[in-house]
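Novice: Below are the chains, spelled out letter by letter.
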Amino acid sequence: MFERLLEIADDHLILGHRLSELTGHAPTLEEELALPNIALDLIGQARALYEHAGIVEGKGRSEDDLAYLRPERAYRHCLLVERPNQDFAHVVLRQLYFSAFMAPYWHAAQESEDDTVAGIAGKAVKEARYHIRHAGEWVIRLGDGTEESAARMAEAVAELTRYTPELFEPDDTPGLPDPAEMRGEWDATIAHVFHEAKLELPEVPYPQTGGRAGRHGEVLGHLLAELQYMQRAYPGATW
Amino acid sequence: MFERLLEIADDHLILGHRLSELTGHAPTLEEELALPNIALDLIGQARALYEHAGIVEGKGRSEDDLAYLRPERAYRHCLLVERPNQDFAHVVLRQLYFSAFMAPYWHAAQESEDDTVAGIAGKAVKEARYHIRHAGEWVIRLGDGTEESAARMAEAVAELTRYTPELFEPDDTPGLPDPAEMRGEWDATIAHVFHEAKLELPEVPYPQTGGRAGRHGEVLGHLLAELQYMQRAYPGATW
Amino acid sequence: DAFLAAFQARIDAEEKIEPNDPMPEGYRRTLVRQIGQHAHSEIVGMLPEGNWVTRAPSLRRKVALLAKVQDEGGHGLYLYAAAETLGVSREEMTEQLLDGRAKYSSIFNYPTQTWADIGAIGWLVDGAAIMNQIPLCRCSYGPYARAMIRVCKEESFHQRQGYEIMMTLAQGTEDQREMAQDALNRWWWPSLMMFGPSDKDSVNSDQSMKWKIKRFTNDELRQKFIDATVPQAEKIGLTVPDPDLTWNEAKGGYDHGPIDWSEFKRVLKGEGPMNRDRIRARQKAWDDGAWVREAARAHAAKRQPAALAAE
Amino acid sequence: DAFLAAFQARIDAEEKIEPNDPMPEGYRRTLVRQIGQHAHSEIVGMLPEGNWVTRAPSLRRKVALLAKVQDEGGHGLYLYAAAETLGVSREEMTEQLLDGRAKYSSIFNYPTQTWADIGAIGWLVDGAAIMNQIPLCRCSYGPYARAMIRVCKEESFHQRQGYEIMMTLAQGTEDQREMAQDALNRWWWPSLMMFGPSDKDSVNSDQSMKWKIKRFTNDELRQKFIDATVPQAEKIGLTVPDPDLTWNEAKGGYDHGPIDWSEFKRVLKGEGPMNRDRIRARQKAWDDGAWVREAARAHAAKRQPAALAAE
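Protein chains in written order, with the numbering used here: chain A, 37 to 275; chain B, 37 to 275; chain C, 415 to 725; chain D, 415 to 725.
Derived from the structure by calculation, the hints contain no laboratory data. There's no promise every hint is true.
Some chain A residues flagged as far from chain B (calculated, every beta-carbon gap over 12 angstroms) [said to hold, decoys possible]:
hint, residue
1, 107
2, 150
3, 251
4, 257
5, 262
6, 268
Ranges between beta-carbon positions, derived for each pair [to be verified]:
hint, chain 1, residue 1, chain 2, residue 2, range
7, A, 169, C, 433, 52 to 62 angstroms
8, B, 159, D, 621, 22 to 32 angstroms
9, C, 427, B, 239, 51 to 61 angstroms
10, D, 503, A, 246, 44 to 54 angstroms
11, A, 122, D, 679, 49 to 59 angstroms
12, C, 506, A, 162, 50 to 60 angstroms
Idealized CB from N, CA, C, for every residue including glycine.
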């Protein structure tokens, strides 16, 4: 349970962090509100998950201990969420891919016999659905916008789709849904959005995986240097 | 003496670090060699200066203690050297401005009654002259190249010149030259290069200063997050 | 003339002026300038704080900071909307910001160097903003007054949050206490300058007071701020960096040392420590976002051909 | 035919082939491909190590790493120059790299996740490169052989430096020792793959051996590498991640477990963990540098009008 909670918590922290990097740099003022809003939801979920993971682990580690004080190889998020904010097409597609997985996952997790998990899921499922709507609308707008936006959107699809199979790696942790079972709903969500966006979902002959084993890209180290800076520079301080 | 050595050491470390950020990203293969070469000279000088500063201070601090383990407000380099690698025009102009100051400074420092300082200066003066030549040639090439390169060079001049007066802030540390006295030679070097480059040196009604008091721009914190990462994450380890 | 007199009479009677009401051109111009400047300040103000979002020292602080910066974007939105009621578009105002015709609060031209600066901004900068803004909730122009009511509520929450950050630092380790004091040292004087030039040098004040766009002079507001803030500093053991600061029993407020107005003017001229970096960051966001905004327009046009044809 | 026979006779007599000598088109093509690939490997190889330049854990290591990466750029230069003697320009080769027609060593498609990876690359990757390259110092094509002599000298310095990093970590704290073992675990198999497919699956080998472009088979070189490296790992207390590794007294070398060639093929196809990031980084450097290279050409043309007119 601890390991799997950590995986999901890391997913949410790292994706929330990526979105938070856009603070003050979004393409419209409305997105200056919407992106931090999604980031807040994600980091809020990460906090709840870390806290619960710390309790499950039973070694007294706090949310901040888990979020900040691990070496790079101990982060267990999927590779999709660490991909950089290449352009706005990547940002919204990454979000759509992730949230289209999380919505059914949280939906199923509401039935968990672990009350804390069920509680987190009950709130998070609504948020994930909003994230799908928001990101999906942008994917449609950009996919069926100008020639340039369509090209950028297609490039984002060509780049990021290879990171999606990792989301569905099977897991039989009792009290948590099996990610593999979310595939059908994910496919349906993406198919619906892509149809409107005039995009095609490519085959992925060679999925990129390894995040759950801590095998990350070079982008992660730089993200962690920022994320961990204060906790590392002032060990033990209270903020 | 300690404070002033630290200022010059920080100048060299931070500028060397900025150049090192370009590793693998330079505009030509020849510059993939030349830029790290200059970075190596600068960081080499920083090491010698930190080591000497540590001895002068007499508290047993090593070069790495001084380079890595200070909070942002304790770094004392001038603002010029922390300016980001905006484009290649900024990179070569920043180097020219700095080296055109350091060459006469090191020349004068060869006469220091402090033998270590004189020794560092003897080697560094030759290196600084090479840096002037290399950066100066690029400033000329870009200033008198294409319309685009001339515009970028002019933009770099408009941006960076305000940071140069800080180089000449007077200092009366015994055993080290007074920076204020380098102004004449700096002016002559820049005038010579700018004449060839068809550039004009603007007046600076409002110099940007504060680096010597640890008042830096926001760019520094992000640089330090990377620079210090390993030393902060693994305190006390030997590498 | 009669129109001006009638307008002034409405103002004097504390009536709210609404978008479709007739108004003197000077009144409109003053409001457009002031609301625009205010909106830009919210937007540019996202940058110094955004600078620490990725390095916030705990998840709790990260979330709070993100939420705060988001609120500022929201304030920017209300305020642009209020300015738009006066016939100037958001795009137009953005262009004025980027080319330097429009100003924003000078305070955002200072860098956030340490985490304590996030506390100092909340405590001092938002504190000063509130002093300026509370009277604006009664501004004679209705849309601006109503926007300010929403803004003020959130700002006072931010101010308390900033003060709480400072308190935590002041009660923390020696490093943290120093960090807090250092931030206060750097932000104190720029915060005092937020109220604008001294009354004897202020050009726009008189007419704005008469039109009830403003209700207090710069010096009056500055005094209120100092009187409110000095005890807060004392309470958490920090020292206001003004050796001349003394309690004046007679006036029931603090006397303070001279403000360096040459620095204020310099920053206003675009020569503060961060002016160029701020505008460059906004310009980059604007340029990088151009294709996105264009795509959104193109998509909307495709989806609403009937609506467009009818226009 | 007679020309081919005469050419082969020169090769067999260990004569060096020089740029202006007649040579079979296949010989030229094989060399262009191999030298180009080698040059590209040096250039792309700057990226995984460059990734740690800004985070090197001490000034001494920072300087050594910078110098190493710089050496690699230098190797790239020699090698492009050697390829240019065969009538292909650096620009042409760069375009082939960027559009995927030309390959580079697959090993650089793995990420450097920790500082220990810098040690592992020096020790294993440069170690494997040397095994490949020492015989190339006797390659039949003169310019390539001479370039390799310079390259090999520096590579063996890098290899020792990398091993020294690993030794320091292995003798360091528990965290450091783990970091070293983890790096060995991740880099071992990809390093073995650097020698290319097993001899029984290798397509280009026979003709290259005959032309003395190659002097040992892939499997021979791989065996040499394993035999040299395993004792080095043992010496510093690290474990080679191959449960099947056993000393074979009869052959005087190690037997090793099966190599996952499907992974090798996948990376070769462009689907390794970092392929796209690597090419994107090189493409960006190339694109961002376009105005600089153009300006340099324009400037040179301005300064040498006489020379140009004479051309």
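Novice: Residue 506(C) and residue 162(A), beta-carbon distance inside 50 to 60 angstroms?
Specialist: violated (38 angstroms)
Novice: Check the non-interface label on residue 107(A): least C-beta distance to chain B beyond 12 angstroms or not.
Specialist: Residue 107(A) not clear of chain B: closest Cβ-Cβ about 7 angstroms, inside 12 angstroms.
Novice: For the pair residue 122(A) and residue 679(D), does the Cβ-Cβ distance stay inside 49 to 59 angstroms?
Specialist: Because 28 angstroms falls outside the window, the suggested range is violated.
Novice: Can you let me know if the beta-carbon spacing of residue 503(D) and residue 246(A) is within 44 to 54 angstroms?
Specialist: Violated - the Cβ-Cβ distance for residue 503(D) and residue 246(A), about 38 angstroms, lies outside 44 to 54 angstroms.
Novice: So the hint says 52 to 62 angstroms: do the beta-carbon atoms of residue 169(A) and residue 433(C) match that?
Specialist: violated (33 angstroms)
Novice: That 51 to 61 angstroms hint for residue 427(C) and residue 239(B) (C-beta), does it hold up?
Specialist: For residue 239(B) against residue 427(C), whose Cβ atoms are near 54 angstroms apart, the range 51 to 61 angstroms holds.
Novice: Taking the shortest Cβ-to-Cβ distance between residue 257(A) and chain B, state whether it exceeds 12 angstroms.
Specialist: violated (8 angstroms)
Novice: Find the nearest Cβ of chain B to the Cβ of residue 268(A) and say whether that gap is larger than 12 angstroms.
Specialist: Given a closest Cβ separation of 4 angstroms, the condition is violated.
Novice: Does the no-contact call for residue 150(A) survive, Cβ to all of chain B over 12 angstroms?
Specialist: Its Cβ never comes within 12 angstroms of chain B, the nearest being 33 angstroms, so this holds.
Novice: Note whether the CB distance of residue 159(B) and residue 621(D) lies within 22 to 32 angstroms or breaks it.
Specialist: Given about 52 angstroms between the Cβ atoms, the range is violated.
Novice: Does residue 251(A) sit more than 12 angstroms from chain B, CB to CB?
Specialist: holds (19 angstroms)
Novice: According to the definition I'm using, a residue is off the interface if its beta carbon is farther than 12 angstroms from all beta carbons of the partner; does residue 262(A) meet that for chain B?
Specialist: Answer for residue 262(A): violated, closest chain B Cβ roughly 5 angstroms.
In terms of the numbered hints stated before, the structure departs from hints 1, 4, 5, 6, 7, 8, 10, 11, 12, listed from lowest to highest.
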